[in-house]
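Trainee: What follows is the residue order along each chain.
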Amino acid sequence: MADQVYFEDVEVGAEIPSLVKEPDSLQLVQWAAGSGDFYQIHYDPAFAKRNGLEGPIVHGALKHAFLGELLHQWVAPGGRIKRVACSYRGMDLPNRRLTHKGKITKKYQEGARNIVELEIWAEDANGKTTTPGSAVVTLPSRA
Amino acid sequence: MATDTPAFEPSLTDEILTLVGVESAPCTHEVTRPGIRAFARAAGYRDRVYYHADEAKRRGYRDLPAPPGHLGFPAYDPEQSDYLLSWPLDPNAPVNHPFSPVQSIHTELLAGSLDLEYIDPDICAGDVLISRTKLEDIRERYSKALNGPMVIQTTATTFKRDDAPVAVYRFTLIGYTPVEGT
Chain A
1 MADQVYFEDV
11 EVGAEIPSLV
21 KEPDSLQLVQ
31 WAAGSGDFYQ
41 IHYDPAFAKR
51 NGLEGPIVHG
61 ALKHAFLGEL
71 LHQWVAPGGR
81 IKRVACSYRG
91 MDLPNRRLTH
101 KGKITKKYQE
111 GARNIVELEI
121 WAEDANGKTT
131 TPGSAVVTLP
141 SRA
Chain B
144 MATDTPAFEP
154 SLTDEILTLV
164 GVESAPCTHE
174 VTRPGIRAFA
184 RAAGYRDRVY
194 YHADEAKRRG
204 YRDLPAPPGH
214 LGFPAYDPEQ
224 SDYLLSWPLD
234 PNAPVNHPFS
244 PVQSIHTELL
254 AGSLDLEYID
264 PDICAGDVLI
274 SRTKLEDIRE
284 RYSKALNGPM
294 VIQTTATTFK
304 RDDAPVAVYR
314 FTLIGYTPVE
324 GT
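Top to bottom, those sequences are chains A and B. Under our numbering, the first sequence has 128 at position 128, and the numbering climbs by one with no breaks. Here our numbering runs 143 ahead of the position in the second sequence, where the first position is 1.
Excised from the complex, chain A in its bound form:
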């Protein structure tokens, strides 16, 4: 894990380290068990096609969790995630690379809390944003 990031050291407009994932069918099955979502469009090709889809698609909540991990890797161990939000604008298929990114949009203090807001997103291997979102985290201070 990277060294602790402190509130004083971050600047609006800066990007945070990205996170690359390539979820395969094994991970989708693991996610079904780990999240309790056993909807068949995520692992049954025939079922997915009957529902008008190209094939099984990556769970939206898994992409949300990837964005959570992106943030966790950046703020840990001393920071905390206050909000993770995303929209599912494009369907992502398994065995394709997803790159998760974030950019700082605002930083301010509220009482004793050091708050940072970010634009976050996941983009596919063609660079198309399939999962735009936003986040709020708190960071420790050097003081």
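Check the hints yourself; a few may be wrong.
Think about it this way: if two alpha-carbon atoms lie no more than 25 Å apart in a straight line, the pair counts; the simulated DSS-like pairs of lysine-lysine are [unchecked claim]:
1. A/Lys128 / A/Lys103
2. B/Lys303 / B/Lys200
3. A/Lys49 / A/Lys128
4. A/Lys101 / A/Lys128
5. A/Lys128 / B/Lys287
6. B/Lys287 / A/Lys49
In case anyone wonders, no lab produced these hints; they're calculated from the structure. Given the structure is predicted, the values throughout are model-derived calculations rather than measurements.
Position chain B against the provided structure of chain A, taking the given hints into account.
Mentor: Then chain B, alone, in the frame of chain A:
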């Protein structure tokens, strides 16, 4: 003004629209060490804080912390729970949980968005959370991508621990009916 959106027969009745604001029955969620490990493993987390209680306590947590997005599991009951999604499901209740449509004219479902806000981000193994899901909005429009009408419902599920809110899970669910040839 000219539009290329095909006309469709609206499916949302006044009766359905009156459900905005209606809340579900409470649901109990257990946050456990095995559940946290399974969720973290499935997402691909490498941080030991989600797997080793000693590491979690060294870093100031009460026990294994729940990763972002994990709010425990609904206590599964084969007599009452949703077969696919584990949450309690009462077919006669107007609102059940974030992933159940309040009306069933469309046969298939997709996730539209997820907004998880923590009031207390330190949810840990051993916690028992109580959730209630409220229908915040429901509307219908034509989807070019799905080649037909879709119903978009937004729910807000508030999770409490010891009667104090710890998180709000706001979810948008899209209902649609597959069209042959798409």
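Trainee: Does the structure break any of the earlier hints, and which numbers would those be?
Mentor: No hint contradicted; all consistent.
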